[in-house]
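K.L.:
Spelled out from the first residue to the last, the chains are:
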Amino acid sequence: MAEYAVELRNVWKRFPGPGGEVVTAVRDVSLKIADGEFFALLGPSGCGKTTSLRMIAGFELPTEGEVFLHGRPMGRTPPFQRPVNTVFQSYALFPHMTIGENVAFGLQMKKVDRQEVQRRVGEALEMVRLSGYERRKPKQLSGGQQQRIALARALVNRPEVLLLDEPLGALDLKLRKEMQLELKKLQREVGITFIFVTHDQEEALTMSDRIAVMEGGVALQVGDANDIYEHPNCRFVADFIGETNFLDGVVGALEPGKARVDAAGGVSLWAHTPQPVTPGQKVTVTIRPEKMHIRPTATDVNLLSGRVTDVVYIGTDTHYGVTLAGGQTIRVREQNYSAESRLLAREGEPVSVRFAIEAARVLTE
Amino acid sequence: MIQSFRENRRLQGFLLILPTLLVMLVMLVLPLTLTVITSFGQRDADGNVIYTFTLENYWRLLGFTETGWDDLYLGILMRSLWLAVQTTVIVILMAYPLAYFIARAPEKRRNFLLFLVLIPLWTNFIIRIYAWVMILRGQGVLNSALGGVAGLLSIPFTPFDFYPSQGAVLVGMVYEFLPFMILPIYTSLEKIEPNLYEAAADLYANAFHTFWRVTVPLSMPGVVAGTILTFVPVIGTFVVSDILGGRQVILVGNLVQRQFLDARNPPFGSAASIILLLMTLALTLYYTRRFGLGEEIAAG
Ligand SMILES: Nc1ncnc2c1ncn2[C@@H]1O[C@H](COP(=O)(O)OP(=O)(O)OP(=O)(O)O)[C@@H](O)[C@H]1O
Ligand SMILES: [Mg+2]
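Going line by line, the protein sequences match chains W and A.
Numbering of the first sequence is given in the numbering used here, commencing with residue 37 and proceeding in unit increments.
Numbering of the second sequence is given in the numbering used here, commencing with residue 143 and proceeding in unit increments.
These aren't lab readings, by the way, just hints derived from the structure by calculation.
There are no misleading hints in this set.
Which residues of chain A face chain W? A partial, calculated answer using Cβ under 7 Å:
no., residue
1, Asn337
2, Leu338
3, Leu345
4, Ala347
5, Asn348
6, Pro359
Every residue, glycine too, gets a C-beta built ideally from N, C-alpha and C.
Construct the complete structure from the given sequences, taking the supplied hints into account.
P.N.:
Here's what the structure looks like:
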């Protein structure tokens with residue numbers, strides 16, 4: 037089906053700032069989220085994730101552009117008429133109601149009959165493994181339990197789309213990891229589209245089918261975890277997801293699909309060009325540390341000589357800092373996979389760093 | 143010695159409440175005990191108290207006299223109670239929307255609006271009540287205004303007898319106690335987390351349902367506090383009824399005051415105070431049992 041569960045078409049959101057200026061929270065964002073997808077909005081603080089989510093829920097209206105739910109334009113439809121539910125970061129459980137009443141609230145508002153409400157509340161609590169807590173008040177539950185109730189309260193309504201705004205933000209690391217897997221499993225079971233906001237890249241990579249990386253109100257790149265890690269389309273995405281090296285330089289020679297980039301100090305390398313470039317253009321090359329090697333059996337095209345400035349041994353890997361002729365420092369990660377791994381170079385020793393052309397990517401922005 | 147004082151939490155606690163304890167003892171417990179003792183006493187021909195033990199004062203209050211059943215005093219009690227109920231209900235109905243409006247106003251404007259609510263309290267209580275006499279009396283502001291309108295429409299107009307009357311007393315009470323209801327309700331409304339409203343909207347509740355299922359229950363602590371702050375003083379006050387009732391509307395407060403000052407019958411006045419106290423206590427206890435003091439509902 038060509039219809040998407042959620043579509044944002046050229047959505048902008050501007051707020052009046054405190055000093056009368058205009059704050060643009062979301063800039064021309066277009067997203068298409070398929071039915072049943074686990075979709076993450078990932079980005080640093082203030083990049084407009086919450087605002088995007090709130091526009092889908094209907095708490096904010098776009099200044100420009102349109103939000104569609106299953107092809108229906110939402111226009112000015114108020115939140116209570118949208119077939120979506122939200123899990124708030126602070127849970128927002130009603131403190132004066134019991135857990136049972138909290139979970140039943142949405143169904144009662146939809147005038148579902150009493151027995152059906154009771155049955156579904158029971159099911160929802162079972163789903164989050166909190167059966168028997170109906171009569172407690174939210175305050176009498178731990179943070180993790182409250183989080184699960186917030187989830188049950190939303191899911192019991194069987195929304196078309198579930199929106200989650202950093203739902204695990206308040207949990208400690210261990211519980212957070214557990215809930216990540218649990219949420220993912222739950223989403224597979226119920227088959228509801230999840231849109232999940234987080235600023236934690238690992239969380240996004242672990243849980244999502246696809247990720248939109250946002251920055252400054254712009255959705256920079258949308259893709260699955262592998263895509264975003266291996267094929268970042270700009271410097272920000274490459275930097276935000278995982279660890280990487282950047283080398284600034286100028287395009288020298290061109291060949292189909294690759295280019296020679298000349299960096300400072302006579303450092304020169306060949307890199308893959310996903311976007312067309314022209315000779316003389318200023319570009320950045322990104323290379324992930326684990327895709328480079330300092331083993332001395334060199335047959336690759338890219339061979340950069342430098343001097344080891346630091347060595348960090350962490351068991352599974354050894355990290356080397358290597359300073360190149362132009363003064364650039366790059367980080368190289370060697371896996372210690374052989375039975376008797378030993379250091380390949382010591383501090384101060386000259387080494388050659390080698391990597392495949394495909395491992396290096398030319399970024400134009 | 144010093145060390146043990148540091149660790150002695152009970153002693154510390156005792157010292158902290160000591161000043162209040164002393165004040166309460168001197169200003170509350172002693173007079174109250176004296177009142178209880180006096181209420182069982184008699185009065186001699188000169189108006190002095192004879193300390194005996196008789197229930198006569200209480201019997202008289204309940205309506206038993208030598209000449210038979212007389213519901214004069216019970217009537218006064220009932221009237222006071224009824225006036226307090228009316229005042230409280232009207233004050234809640236007027237204060238709630240106002241408090242709601244202030245709590246929902248932009249943050250910067252809220253303080254200004256609260257300030258407006260408090261301005262009347264800067265004027266002396268008695269003066270504020272006399273101001274109502276000026277408004278309500280035969281040639282007062284209200285009658286002049288109505289007369290003016292009637293004149294414009296050429297309708298014959300005879301001034302209303304707004305004052306003195308029981309209605310005037312009610313108006314005065316409502317006016318007097320409005321701020322004491324607005325403030326606690328405002329405080330509890332303002333404490334409600336905005337994302338609870340959003341959660342309700344998210345769960346398909348329209349404005350009406352959100353108000354009744356979220357706003358009202360969460361603001362109940364304020365309503366309870368405001369009710370106690372209004373009901374208890376209204377039932378015992380005598381100044382408003384004295385001034386706006388033109389000494390014709392007699393409430394328990396007036397009864398007590400007159401027994402002490404005019405009739406020179408302290409034992410009877412004491413008995414009336416004790417009855418008033420017990421009644422207030424019983425109602426307050428019942429009310430707080432029924433609706434709680436609100437602490438368990440407080441947002442969290
Ligand atoms: N109601 C508002 N009025 C004015 N500015 C706002 C409003 N809401 C958000 N903003 C601004 O819009 C930008 C994006 O905010 P948003 O809450 O969407 O960020 P976020 O990505 O969710 O950040 P975080 O990870 O910190 O929650 C911020 O600069 C913020 O200050
Ligand atoms: Mg946010």
